[in-house]
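Chains as they are written, first to last, in my numbering: chain A, 294 to 689; chain B, 2 to 289; chain C, 62 to 369.
Read the hints as simulated data drawn from the structure, not as lab findings.
If you're wondering where the values come from, they're calculated on a predicted model, not measured in any experiment.
Watch out, some of these pointers could steer you wrong.
Stated by the list, open to error - Each computed BS3-like pair below joins lysine-lysine, with the alpha-carbon atoms no more than 27 Å apart:
no.: 1; chain 1: A; residue 1: Lys521; chain 2: A; residue 2: Lys441
no.: 2; chain 1: A; residue 1: Lys371; chain 2: C; residue 2: Lys362
no.: 3; chain 1: A; residue 1: Lys346; chain 2: A; residue 2: Lys606
no.: 4; chain 1: A; residue 1: Lys645; chain 2: A; residue 2: Lys626
no.: 5; chain 1: A; residue 1: Lys597; chain 2: A; residue 2: Lys607
no.: 6; chain 1: A; residue 1: Lys685; chain 2: A; residue 2: Lys564
no.: 7; chain 1: C; residue 1: Lys63; chain 2: B; residue 2: Lys90
no.: 8; chain 1: C; residue 1: Lys286; chain 2: A; residue 2: Lys607
no.: 9; chain 1: A; residue 1: Lys371; chain 2: A; residue 2: Lys673
no.: 10; chain 1: B; residue 1: Lys90; chain 2: C; residue 2: Lys286
no.: 11; chain 1: A; residue 1: Lys441; chain 2: A; residue 2: Lys523
no.: 12; chain 1: C; residue 1: Lys286; chain 2: A; residue 2: Lys396
no.: 13; chain 1: A; residue 1: Lys626; chain 2: A; residue 2: Lys606
no.: 14; chain 1: A; residue 1: Lys336; chain 2: A; residue 2: Lys523
no.: 15; chain 1: A; residue 1: Lys673; chain 2: A; residue 2: Lys645
no.: 16; chain 1: A; residue 1: Lys606; chain 2: C; residue 2: Lys243
no.: 17; chain 1: A; residue 1: Lys645; chain 2: A; residue 2: Lys346
no.: 18; chain 1: A; residue 1: Lys371; chain 2: A; residue 2: Lys521
Here is how the chains run, residue by residue.
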Amino acid sequence: MAAPNLVFAENSGPIRIGMLAAKTGPLASGGIDMDLALTMFLKERDYTIAGRKVEAIVADTTGAPATARSKAQELVEKNDVHCIIGPLAAFEALAVADYLSEKQIPTLGVAAAEDMTQRHPSPWFVRATSTSAQCAYPLAEYCARELKYRRMVTIADDFAYGHEMCAGFQRVFEDNGGKIIQKIFSPLATPDYGSYVAQVKNADAIFLGTAGANGSRFLRQFVEYGLKDKMAVVGGMTALDESVLRNMGDEALGILTTSWYSAELDNPLNKVFAAEFRKQFNYDPGYYAGGSYVSAEVLEGALKATRGNVEDKKALMAAIRGGNVETVRGIVKFDDLGSAIGDLYIRKVTRKDGRLVNSVIRTYPDVSQFWTYDRVEFLKNPVYSRDYPPAKNLEQ
Amino acid sequence: MQFWIIQGLNSLSLGGLLFLLASGFSLIFGLMRLANLTHGAFFMLGTYFGAVALRNFDGLNLWVTALGAGIAVAAIGGLFERLVLTRLKSNPLGQVLVTLGMAFIISDACLVLWGGDSIPVPTPQNLRAPTRFLGFVFPTYRLVLVGCAVATAVALYFLLERTRLGAMIRAGVDDSQMARAVGIPVSNLFTTVFCLGAGIAGAGGVLGGPVLSAYPGLDADMLPLALIVVILGGIGSLLGAFVGSFIIGFIYTFGTALFPELAYIILFLPMIFVIAFRPQGLFGRVGA
Amino acid sequence: MKWLAAILLAALLVLLPFCSGDFYINLASQILIAAIFALSLNLLVGYGGMTSLGHASYLGVAAYISALLTSRYGWGHGPAAVISLAGTTAMAACFGVIALRATGLGFLMITLALSQVLWGLAYRMSDVTNGDNGIAGLTRPMPFGISLNGPAAFYWFTLIVAITAFVMMAIFVSSSFGSTLKGVRDQPRRMAALGFNPWMIRWITFVYAGFWGGVSGLLYVYYNKYIHPASLSTTSSAEALLGVIAGGSGTLGGPMVGGALVLLLKNYASAYIERWNMLLGLIFLFIVLVMPTGIVPGLSKLLRRGWR
Chain A
294 MAAPNLVFAE NSGPIRIGML AAKTGPLASG GIDMDLALTM FLKERDYTIA
344 GRKVEAIVAD TTGAPATARS KAQELVEKND VHCIIGPLAA FEALAVADYL
394 SEKQIPTLGV AAAEDMTQRH PSPWFVRATS TSAQCAYPLA EYCARELKYR
444 RMVTIADDFA YGHEMCAGFQ RVFEDNGGKI IQKIFSPLAT PDYGSYVAQV
494 KNADAIFLGT AGANGSRFLR QFVEYGLKDK MAVVGGMTAL DESVLRNMGD
544 EALGILTTSW YSAELDNPLN KVFAAEFRKQ FNYDPGYYAG GSYVSAEVLE
594 GALKATRGNV EDKKALMAAI RGGNVETVRG IVKFDDLGSA IGDLYIRKVT
644 RKDGRLVNSV IRTYPDVSQF WTYDRVEFLK NPVYSRDYPP AKNLEQ
Chain B
2 MQFWIIQGLN SLSLGGLLFL LASGFSLIFG LMRLANLTHG AFFMLGTYFG
52 AVALRNFDGL NLWVTALGAG IAVAAIGGLF ERLVLTRLKS NPLGQVLVTL
102 GMAFIISDAC LVLWGGDSIP VPTPQNLRAP TRFLGFVFPT YRLVLVGCAV
152 ATAVALYFLL ERTRLGAMIR AGVDDSQMAR AVGIPVSNLF TTVFCLGAGI
202 AGAGGVLGGP VLSAYPGLDA DMLPLALIVV ILGGIGSLLG AFVGSFIIGF
252 IYTFGTALFP ELAYIILFLP MIFVIAFRPQ GLFGRVGA
Chain C
62 MKWLAAILLA ALLVLLPFCS GDFYINLASQ ILIAAIFALS LNLLVGYGGM
112 TSLGHASYLG VAAYISALLT SRYGWGHGPA AVISLAGTTA MAACFGVIAL
162 RATGLGFLMI TLALSQVLWG LAYRMSDVTN GDNGIAGLTR PMPFGISLNG
212 PAAFYWFTLI VAITAFVMMA IFVSSSFGST LKGVRDQPRR MAALGFNPWM
262 IRWITFVYAG FWGGVSGLLY VYYNKYIHPA SLSTTSSAEA LLGVIAGGSG
312 TLGGPMVGGA LVLLLKNYAS AYIERWNMLL GLIFLFIVLV MPTGIVPGLS
362 KLLRRGWR
């Protein structure tokens with residue numbers, strides 16, 4: 294332990310980690326979970342990483358881009374943070390990206406926006422979770438090849454995250470012989486999904502590319518209109534997240550979703566993490582708690598590599614990007630654009646110990662943000678959107 | 002064919018839900034000339050009460066919970082009216098500030114008490130099986146919701162047209178100065194009506210719960226809908242609120258299905274037309 | 062007496078960057094932008110008697126036009142600013158014609174509806190506006206070749222614009238036109254009987270308020286270097302309206318204080334208190350109960366009483 298202490302002789306202050314999380318507003322559920330996971334992480338380590346004291350400063354972005362930017366400025370200029378975990382929403386991340394790049398603050402984002410690690414990457418940004426479409430790829434392949442679905446409908450929230458996720462799903466599903474016959478995008482704030490459920494055409498299955506609790510709210514109506522008997526349901530990484538599953542009932546049983554995480558993951562780190570989280574907060578960790586915890590683990594790995602030196606930002610960033618860290622989601626490494634390469638999981642909702650969980654049924658190892666596509670070709674295409682790739686099999 | 006029938010029924014059920022939301026707002030605005038911007042929060046509070054009560058207590062049924070939530074929200078509304086709103090008689094801007102301020106307080110309180118998750122309100126057991134007719138399937142509860150709206154409308158009609166309280170309310174709406182002059186205790190009436198409006202919102206929140214679920218931001222999603230219904234239907238008119246709710250239900254349901262590109266503006270365009278060309282709304286007696 | 066205080070305040074404001082860190086200078090810039098926005102809204106609410114819940118339209122449209130012209134079409138900032146303001150003012154003129162067909166709650170609702178239509182368009186027309194990803198990577202102008210990227214430089218630029226805006230609006234309200242506006246606010250029928258045209262007076266005010274809303278929008282997009290449909294949302298308009306009312310709608314200083322209050326609570330106090338939303342609500346309740354006409358009139362009443 295003598296070597297680390299020598300390094301800190303000059304760096305006497307604590308390591309300050311900033312967190313940009315939406316703790317109020319419609320995204321509050323995710324932001325609160327991010328905060329809880331980070332706090333738990335630090336408490337477990339007695340607020341010490343690589344032999345140096347750590348401080349966390351959590352800023353409430355309220356889910357608004359302008360506030361996210363103000364808070365980023367506050368964290369950097371007033372709190373003098375060395376690195377930032379978050380933000381969780383794409384528009385928040387885009388609002389702060391150029392500022393954090395300019396100030397050279399290593400940022401471990403949770404937001405899934407594709408271009409942050411594709412066409413507009415920043416050397417100061419990594420994302421330990423996944424892009425919007427990254428997790429949809431294996432599920433699309435699974436639906437086409439294993440489940441033999443031929444015709445599917447997609448429904449997602451009408452914003453970039455939903456567009457990107459459905460585009461990715463459509464691409465791989467159709468490349469594997471399937472047809473997306475209908476793409477529905479409902480406004481992010483849709484109180485009543487009745488009219489959307491009634492629009493769903495007859496198909497083999499429906500893919501839910503929703504965020505927050507919208508997936509569960511849509512599913513309830515889907516069941517009530519009798520559609521669950523006619524069509525299978527599959528979902529993306531935030532459709533039936535653990536945070537939503539805890540308020541659901543039997544209607545969710547058997548539904549397959551895909552993500553880079555599940556509270557049921559069998560690796561030693563996660564067994565401890567999930568059990569402890571459940572013990573402290575009475576519910577399973579999901580996308581946001583997992584995202585925050587994994588980011589913290591990645592950061593810890595990098596800090597250990599630099600022996601606690603945060604002042605040399607370039608070295609810290611290189612350590613983060615170069616890391617090959619074991620985390621609760623598995624091993625995480627980054628490509629040179631800052632996007633995580635890691636295992637992705639197909640999960641099925643089952644009941645265990647009286648509660649609903651996402652049991653892992655298949656693992657796709659080492660998936661990158663480009664799936665099996667050639668990276669150069671991929672980046673030549675425009676970013677995924679509502680209309681790209683064009684949906685050629687829509688039925689009237 | 003299936004599309005039109007199902008969406009038609011969806012429109013009716015959405016209309017019913019909107020009436021439960023907007024009737025209280027219309028009542029309060031009609032009598033007190035107060036745009037109660039806390040109304041969405043009252044509705045959401047009802048939904049949360051319903052969701053949490055039904056989650057934690059097995060034996061409750063939805064209707065009793067709705068009644069209980071209605072009473073609870075009415076009480077909160079009454080306190081608010083007595084302690085704060087009575088002082089703001091001639092201060093319309095102050096009313097805006099205070100009702101929005103109260104909405105912030107209620108919504109933040111819901112976040113603190115019940116967290117950021119969306120909590121579903123279970124549909125009553127005996128209404129869970131969908132109704133099947135002529136090859137169509139439609140959720141039974143939504144049809145019942147229409148029934149609830151009609152029942153509320155009828156009850157309010159009787160209250161306003163056939164009771165003494167109703168007569169006093171109508172007098173107050175038409176001319177509050179004269180009403181005071183003939184001895185009607187207008188300020189007590191105001192409190193009663195505010196409680197009634199808030200109570201209907203609270204109960205409506207529970208009844209709407211199985212369709213909407215309780216989530217942070219429900220208040221901000223519902224308030225503009227209440228405003229649109231009341232503007233369209235006309236201030237101070239119960240019939241206006243009733244008809245307006247169903248018209249908006251139809252426009253929203255068919256609009257989002259047939260013209261998804263217009264989803265965000267489908268409700269505001271008709272409203273702009275109505276206000277621009279008929280500012281008192283369809284059935285309003287007084288100018289907005 | 063008042064002028065001395067004003068000059069003192071101006072001096073303090075100018076000297077601010079010399080005595081604080083970057084964070085506070087940036088905060089001050091944000092407060093100034095919010096102040097201009099609130100002042101422009103106050104022309105409608107306080108002096109015109111027209112409560113609008115759609116004022117963010119002007120901020121947002123000016124910001125978007127400037128962002129699109131500079132980033133997508135490579136225009137320089139000068140011409141882009143001129144077109145933004147011209148476009149915003151023209152839009153205010155059109156909106157005014159529609160909105161002024163109603164009064165009171167109807168007016169409120171039309172302004173709300175118009176701003177929601179704009180929000181919906183900004184959100185949905187992602188080919189043009191980039192939808193909910195917003196437009197990032199924007200730059201600040203370089204008036205006379207001076208870079209505004211540093212906090213202090215931007216702050217002084219904003220201060221100059223803010224003082225200009227304040228002076229222009231002060232002249233507006235204390236001019237004879239301003240008096241007719243107040244007359245129309247208080248007694249529209251009498252004013253009409255006296256031969257004034259209330260509609261024209263209101264409409265001119267509406268357009269002028271829209272213009273200054275656009276100015277604050279330009280400063281907003283220069284400061285943030287990012288624009289998103291959320292800036293056009295009802296929440297944005299509501300926050301400004303709340304600031305104006307809380308600060309005191311019938312005065313010039315009130316909206317600035319109120320705007321600063323809302324901004325500080327949202328961006329600053331949230332670092333210290335998690336329940337800042339509830340605090341904001343409680344403060345509003347408190348203000349209305351204790352100082353019903355707003356902070357500034359309430360405080361000046363207290364001071365006057367204390368003077369004696």
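Tested hints:
no.: 1; hint: A:Lys521 <-> A:Lys441; result: 18 Å, holds
no.: 2; hint: A:Lys371 <-> C:Lys362; result: 36 Å, violated
no.: 3; hint: A:Lys346 <-> A:Lys606; result: 18 Å, holds
no.: 4; hint: A:Lys645 <-> A:Lys626; result: 31 Å, violated
no.: 5; hint: A:Lys597 <-> A:Lys607; result: 15 Å, holds
no.: 6; hint: A:Lys685 <-> A:Lys564; result: 44 Å, violated
no.: 7; hint: C:Lys63 <-> B:Lys90; result: 33 Å, violated
no.: 8; hint: C:Lys286 <-> A:Lys607; result: 25 Å, holds
no.: 9; hint: A:Lys371 <-> A:Lys673; result: 40 Å, violated
no.: 10; hint: B:Lys90 <-> C:Lys286; result: 44 Å, violated
no.: 11; hint: A:Lys441 <-> A:Lys523; result: 16 Å, holds
no.: 12; hint: C:Lys286 <-> A:Lys396; result: 15 Å, holds
no.: 13; hint: A:Lys626 <-> A:Lys606; result: 19 Å, holds
no.: 14; hint: A:Lys336 <-> A:Lys523; result: 48 Å, violated
no.: 15; hint: A:Lys673 <-> A:Lys645; result: 45 Å, violated
no.: 16; hint: A:Lys606 <-> C:Lys243; result: 59 Å, violated
no.: 17; hint: A:Lys645 <-> A:Lys346; result: 39 Å, violated
no.: 18; hint: A:Lys371 <-> A:Lys521; result: 52 Å, violated
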